[in-house]
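Heads up: the protein sequence lines correspond to chains Z, V, E, D and X, in order. Just so we're aligned: 49 in our numbering is position 49 of the first sequence, and the numbers increase by one with no gaps anywhere. Take any residue in the second sequence, count from 1 to its spot, add 1000: that is its number in our numbering. Take any residue in the third sequence, count from 1 to its spot, add 2000: that is its number in our numbering. Take any residue in the fourth sequence, count from 1 to its spot, add 3000: that is its number in our numbering. Take any residue in the fifth sequence, count from 1 to its spot, add 4000: that is its number in our numbering.
Mixed in with the good hints there might be a few duds.
Straight line, CA to CA, 27 Å or less: simulated DSSO-like cross-link-like pairs of lysine-lysine [as the list claims (entries may be wrong)]:
1. 1161(V) <-> 3161(D)
2. 2161(E) <-> 161(Z)
3. 1161(V) <-> 87(Z)
4. 2175(E) <-> 161(Z)
5. 9(Z) <-> 1009(V)
Looking from chain V toward chain D, a few residues come up when the C-beta cut is under 10 Å (computed) [to be verified]:
6. 1024
7. 1031
8. 1034
9. 1048
10. 1049
11. 1091
12. 1094
13. 1148
14. 1154
15. 1156
16. 1159
17. 1168
18. 1240
19. 1243
20. 1251
Rather than coming from a laboratory, the hints here were simulated on the basis of the structure. From a predicted model like this one, the values you see are computed outputs, not experimental measurements. Glycine included, C-beta positions come from ideal geometry on N, C-alpha and C.
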Amino acid sequence: MFGIDVRQKAWSAGLIVLFFLAWELFCLMTGMSDLVLPRPSQVFVTLVQRFPVLWPHIVQTLATTMFGFVLGVALGVALGAIIGVSKTAYDTCYPLLIGFSSIPKVAVVPIFVLWFGSGTVPAVLTALSICFFPIVVNIATGLATTEPELEDVLKALGASKLDILWNVGLPRTMPFFFASLKVAISYAFVGAVLSETVASNRGIGNVMMTASSNFNVPLVFAGLFVLAGLGVALYVVFSLIEGQVTGWATRKNDVIAT
Amino acid sequence: MFGIDVRQKAWSAGLIVLFFLAWELFCLMTGMSDLVLPRPSQVFVTLVQRFPVLWPHIVQTLATTMFGFVLGVALGVALGAIIGVSKTAYDTCYPLLIGFSSIPKVAVVPIFVLWFGSGTVPAVLTALSICFFPIVVNIATGLATTEPELEDVLKALGASKLDILWNVGLPRTMPFFFASLKVAISYAFVGAVLSETVASNRGIGNVMMTASSNFNVPLVFAGLFVLAGLGVALYVVFSLIEGQVTGWATRKNDVIAT
Amino acid sequence: MQFGARAAQIESGDLAQVLARSLNSRAPISGIWLACTLTVMRMQPKTQLDRQPRPEGAAATAIELSEVSVTFGRGDRAVPALSKTTLKIADGEFVALVGPSGCGKSTILRLVSGLVRPTSGVVIVGGREVAARAMRVGMAFQNPTMLPWMTIERNIMLPLKIVEPFRSNFRRLRKTEFRDKANALLEQVGLKGFGSRYPWQLSGGMLQRANLCRALIHEPRMLLLDEPFGALDQFTREELWAILQTLWMTHKPTVLLVTHDLREAGFLASRICVMSARPGRILDDSRVGFARPRTVAMTFEPDFVALNQKLRAFIEDARSAAEQGAG
Amino acid sequence: MQFGARAAQIESGDLAQVLARSLNSRAPISGIWLACTLTVMRMQPKTQLDRQPRPEGAAATAIELSEVSVTFGRGDRAVPALSKTTLKIADGEFVALVGPSGCGKSTILRLVSGLVRPTSGVVIVGGREVAARAMRVGMAFQNPTMLPWMTIERNIMLPLKIVEPFRSNFRRLRKTEFRDKANALLEQVGLKGFGSRYPWQLSGGMLQRANLCRALIHEPRMLLLDEPFGALDQFTREELWAILQTLWMTHKPTVLLVTHDLREAGFLASRICVMSARPGRILDDSRVGFARPRTVAMTFEPDFVALNQKLRAFIEDARSAAEQGAG
Amino acid sequence: TAEETTIKFTLGWKTQGSDAAFFYAKDHGFFKEEGLNVVIDQGEGSGATVTRVMSGAYDAGFGDVNAIIQNASTKPQEAPVMVYMMWNQPPFAIVAKKTSGINTIKDFEGHTLGGAQGTPTTRLLPVFTRKNGLDGEKIKISNMAPNLQEPMLIKGDIDAALVFNITSYFNLVLNRQDPDKDFKWFSFGEYGLDLYSNGVMVSRKLIASNPKAVAGLVRAINKGAIAVAKDQNAGMKAALNYDNLINADVEKRRLQYSFEKLIVSPEMREIGIGDIKDDRMTRAIGIVVEGYQLARAPTPAEVFSREFLPPRAERELVYTAN
Ligand SMILES: Nc1ncnc2c1ncn2[C@@H]1O[C@H](COP(=O)(O)OP(=O)(O)OP(=O)(O)O)[C@@H](O)[C@H]1O
Ligand SMILES: Nc1ncnc2c1ncn2[C@@H]1O[C@H](COP(=O)(O)OP(=O)(O)OP(=O)(O)O)[C@@H](O)[C@H]1O
Ligand SMILES: [Mg+2]
Ligand SMILES: [Mg+2]
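Based on the sequences and whatever the hints tell you, model everything.
Listed below in structure tokens is the structure:
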């Protein structure tokens, strides 16, 4: 068992490495200018060299993102629960939310900046406003599609709507909640960075903006790699929690004993 | 029954109107400058007045978005199916995808432009690249959490993996597929518009960029309203399909006869 | 007759063992309902057990369905499940509901528990119109729907989490007393050690037994049991009959039991209602007079067999009548 | 005795009706298996029906479990479900599997259908190691898991969509012949008109009958039935027994039936295997010699009752032995 | 027709009145006369023009010469070449709100300046402070997107902004301010940073493969510029023709502003539009090298080529506002 697991992870890691190798080769073979698409090796070198400079920016971006993300999750779960439970809320909020999220956040950031000044606050707000929607949608759908049979178990006991939400709706929705977290965390990064590129003196977005006007494309990509890395790191954290919480839903392999 | 349904819809419409009224009043009371946040009434007036000018741009944006969206859905379903079915694909693709979607697309658009020139192609690609991820995640999660009992029904008949995917996995996942479509369509708009603001001579994004560099904020908001409207219109379309396809999953009210 | 031996054993010799185990268990006031029940039983002479605390006439009405019809769906696709069913159950009665498949038995239970509202007619439970919430109802669904994200133990403890007075103490006691309570029940139904498993790790019959535990754990005054022993083998079934009988005799909850097994109905119930084919109505309402505690051996005696045959004939008539009507 | 009347009726008088309906149905070659079956039956003198096409010894082995153990989970939480079970079933045999709840009966069916792989030992089905895919297996799960997004009709037609030779014609015939086939089956089990419903609109017993239809529709050479009549009333059950018996006599599929009803086992099976409590093993393997077609009336005859009692004793011994071992 | 050479041309930004020369040339068939099919796309910044041309996505564009200098320093073989210098005066300026109490450049010390990252104005500020003896440490910089500078300036979040005068002036107008009365302008050109700025650049590939096309392109644009200098209304007509979303009044004023402040200068009168003075360019390169901390100073010839310019006589631009 252990063997298979390790082998599988090795495979995956190998494939990921392969992806970067392919990219490297592609650039080398097509003689791609590093102004357009730098080779991963260049990016890594830049990343390592400039890491001390990047570090405070990484911390800044991570902090604003996490803050916005946490708020976004809270808002998303709350809204999702309301929408999933009430038909009126569903009919009212969904159009508004879809409308709101069809709006590019780039257009909204300046408003945040004018209201709250540049820097951390608009970054947090942008992260929040971009990341809560997938959570709302999945929580709402999860609640709306909960099997009535499961709810009946509690209803027959005279449980309140809140009891049912808490004991049936939300647990049932967990796998899709975690799915939406994967989307949400990556969008939270996008939001925070977006806001930083618009108005901020710190953060990866700021670095990338400067680097790009310097035509330092490898540094831009270093910034992108940092973002990707942070996204993946948080994904790994959530995956571990997910494994604990939603193991019941992905029990496929357990049935076949070996 | 019919009565209740109409009443509910009226409620929802009323609440939506209320939202805009509140916004209008807020602006009037705080004496908000229309350079920061125009009143909805101003926006509507601008929208109506400039509609003939906006029309070709709307068509352009809608076309690129839909194109990107359709491609994104196809890609998303395919990737989601692979990830949901194969553990190795899960371990390999998820980190790469999370990494990729943590990257602000603003940084990617210029690369598309450098490769494909400005205009429709990068807009389609951006829409695609921003909208497929929520679909991947939900399809993959849906497949991974399909009850093994349901799959056993087909397995016992000697069905192939593809049979199972087609007859059990995907239908079971439909509610969450539609949920992800809601996120995907709004992000597809964001992506297309984003690309248009960076590199295009047409489209709502271009309009908004021009308007914003002219500080014609009501026109910017008119663009946002158009986007929101398009998003909602497509949502309504999907909702109708969804009602047909996933009715079985939201059968709550059917159980109680009246 | 040898068939009854096992059940009889549980009612006599095994008691000491069950009781001892319960008392040895860690929780001090682990007032395990069943264990207590059994204690009470042992201390009283057997013949006195079949007491009727209230004279029949004076018993308050626990459940009353008057002219209740239920139709699922609308228009073309309407399925009439019940048509003008009238049924009155006194407090503390043990009523068995038998009838052909699809005749509306589960629907009656769902009406009583408030999960389905009647299309017409009135359902009065505990003196109020469909006020299941006010009662402590224990319901064993026909399909043992355990919540898949919880272990069996936690599934069984669910009513304690929801229903007062347990609810207030749930956070405090769920790791000690309540858990012991759940495990004691599990042990009673032969699922010792399976409390920490997940529902999908149990066999069909095991799930059904866990389902029964969930219906009992909060000591409800009203039990709605929908074929609670359907997927069990005869012996396990008979053991559980005995346990259920004892429980009823001690606490006198109102029980509404749906079953297809006429022996089961005869063994357990004080009244058997036979339903017609869909749309269901109560066709026959027979009182079962056998003395309690009843033993499995009794079910092979001529009186008992005669009752069974009477019921059988009823059901058969109901079925063929319905079929001719339909055909 | 009157109990058998209904079942006997189906085997004689009703046939004409069933057949007529089938022939009147729109699909020209609607070769409804059951209808054909019944036709064949009618045309042959009853006594010849219990023919054994191959001498017992020569019959090929359909299913062979040799020293099969299955353990679910690992380490502390390991549950041994089967331990060194050996079972050999010839082609065309009708074997009933009885035993206490949780002893591993469903696990055996899942082994044979290839859904579970043995921890140790070998399972040979149709001459190949766990090669369920090669066989046309019809499986009725203990819990009738209908796909909730399909109507009953479409659920029942599922095997036709998957299994050759139907698969190739599915797109062409699903609206005509196959659908008629499904509806004819539904009518046989008393679910006429429910084909267009969704699973959650059916009662427990109705679902179980639909489940049986799904196992039969593709005319499998091997039937794995896991308590297919558990949630049905006695009459529906007996009707279905008769249908199943006729089907078996005509087509001689290999049948492995799990049941808790000893009468059912005696009525249907040519061999009854009694399993021990968990971890399961085959304790007893009795051949049932009664002539076919058997009638419900026969189940009340002394020979039959004696067989039942013998089996009962076996199971009881197995249970108490296990309990003493565990205790 | 079949022999027409297609040239993909990128503007420096979204459609603006100051681009009228290109639209005019296109509308009046000047490009066609040269056998060119010029496709004009809007841009994403005058610096990005360089990237677009370098990557091969565009053949030519209107952009910042300082960005060429920057790239020529590291990638002399890839950097595009400027072939027609349109704006020979630098638009780089600092605009301060009069109420903030900034009257001289010395007053920047102790105040907050809003800058858009990466714009030449922002990046050359260190050179500006050094050349003018200011203490850079005491000047606080706040970064923001270009279109946020004016609103934040008006709101008082910043005291002055590092801008392009041609953009910022009209942004203030559009924000209903009086840019002359309430604001004070400090142009880099007047404080020792005598730089060149935007002009027409082409890729080295195009020069190598089709020099005739380059010459034609320059000739056509030159004709357009001269025509628009005479008649801005005609220029605006062409601009509106290209993009009917623009605010014609403001863009016309922007067009005139570009002539008045950035194009018409003593140097232009002397050498004609489109050309440069090499010694001034050498000095400008020095400033950029210092400001951007470049490793190598490119020669003016690496940055600018006058090879494709029409004769001096054809480059006589006379501006008359109308
Ligand atoms: N997926 C699983 N994971 C862990 N244990 C399992 C699993 N499936 C079955 N078991 C265990 O295997 C044993 C046998 O189960 P099985 O379902 O075969 O019993 P059964 O004979 O069909 O019982 P019943 O008559 O109650 O249906 C049980 O003790 C059960 O707990
Ligand atoms: N949610 C529903 N929607 C539509 N029809 C329903 C629904 N629930 C039950 N029915 C119908 O109502 C009738 C009675 O169902 P019910 O479950 O009460 O039967 P039952 O007596 O419990 O049968 P069984 O013994 O098979 O469990 C059935 O014909 C069924 O088809
Ligand atoms: Mg039922
Ligand atoms: Mg089983």
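Status of the hints after comparison with the structure:
1. Restraint check: the Cα-Cα separation between residue 1161(V) and residue 3161(D) comes to about 14 Å, which is no more than 27 Å; the hinted pair holds.
2. Pair hint residue 2161(E) plus residue 161(Z) holds up; C-alpha atoms about 14 Å apart against a cutoff of 27 Å.
3. Under the criterion of a C-alpha separation no larger than 27 Å, the hint pairing residue 1161(V) with residue 87(Z) is inconsistent with the structure, at around 37 Å.
4. Annotation: proposed proximity of residue 2175(E) to residue 161(Z) holds, straight-line Cα distance about 25 Å (limit 27 Å).
5. The straight-line distance between the Cα atoms of residue 9(Z) and residue 1009(V) is roughly 51 Å, outside the 27 Å bound, and the hint therefore fails.
6. Using the Cβ-Cβ criterion of 10 Å, the hint placing residue 1024(V) at the interface with chain D is not satisfied: the shortest such distance is roughly 44 Å.
7. Annotation: residue 1031(V) was flagged as interfacial toward chain D, and the flag is violated, the nearest CB pair being 55 Å apart, outside 10 Å.
8. Against a cut-off of 10 Å between C-beta atoms, the interface hint on residue 1034(V) is violated, since the closest Cβ of chain D lies about 50 Å away.
9. For residue 1048(V), the shortest C-beta to C-beta distance to chain D is roughly 44 Å, which exceeds 10 Å, and the interface hint is violated.
10. At its closest, the beta carbon of residue 1049(V) sits 48 Å from a beta carbon of chain D; the interface hint therefore is violated under the 10 Å criterion.
11. Violation of the interface hint for residue 1091(V) is found here, the shortest Cβ-Cβ separation to chain D being roughly 22 Å, above the 10 Å cut-off.
12. For residue 1094(V), the shortest C-beta to C-beta distance to chain D is roughly 26 Å, which exceeds 10 Å, and the interface hint is violated.
13. Hint status for residue 1148(V): holds, given a least beta-carbon distance of 9 Å to chain D, under 10 Å.
14. With 10 Å as the threshold, the beta carbon of residue 1154(V) comes within range of chain D, its nearest partner Cβ sitting at about 6 Å, so the hint holds.
15. Interface restraint check for residue 1156(V): the shortest CB-CB distance to chain D comes to about 4 Å, inside 10 Å, so the restraint holds.
16. Annotation: residue 1159(V) was flagged as interfacial toward chain D, and the flag holds, the nearest CB pair being 5 Å apart, inside 10 Å.
17. Contact between residue 1168(V) and chain D, as hinted, is supported at the beta carbon level, the nearest pair being about 7 Å apart and thus within 10 Å.
18. Hint on residue 1240(V) is violated. Least Cβ distance to chain D is approximately 18 Å, over the 10 Å limit.
19. Using the Cβ-Cβ criterion of 10 Å, the hint placing residue 1243(V) at the interface with chain D is not satisfied: the shortest such distance is roughly 13 Å.
20. A hinted interface residue such as residue 1251(V) counts as satisfied when its beta carbon comes closer than 10 Å to some beta carbon of chain D; here the least separation is about 6 Å, so the hint holds.
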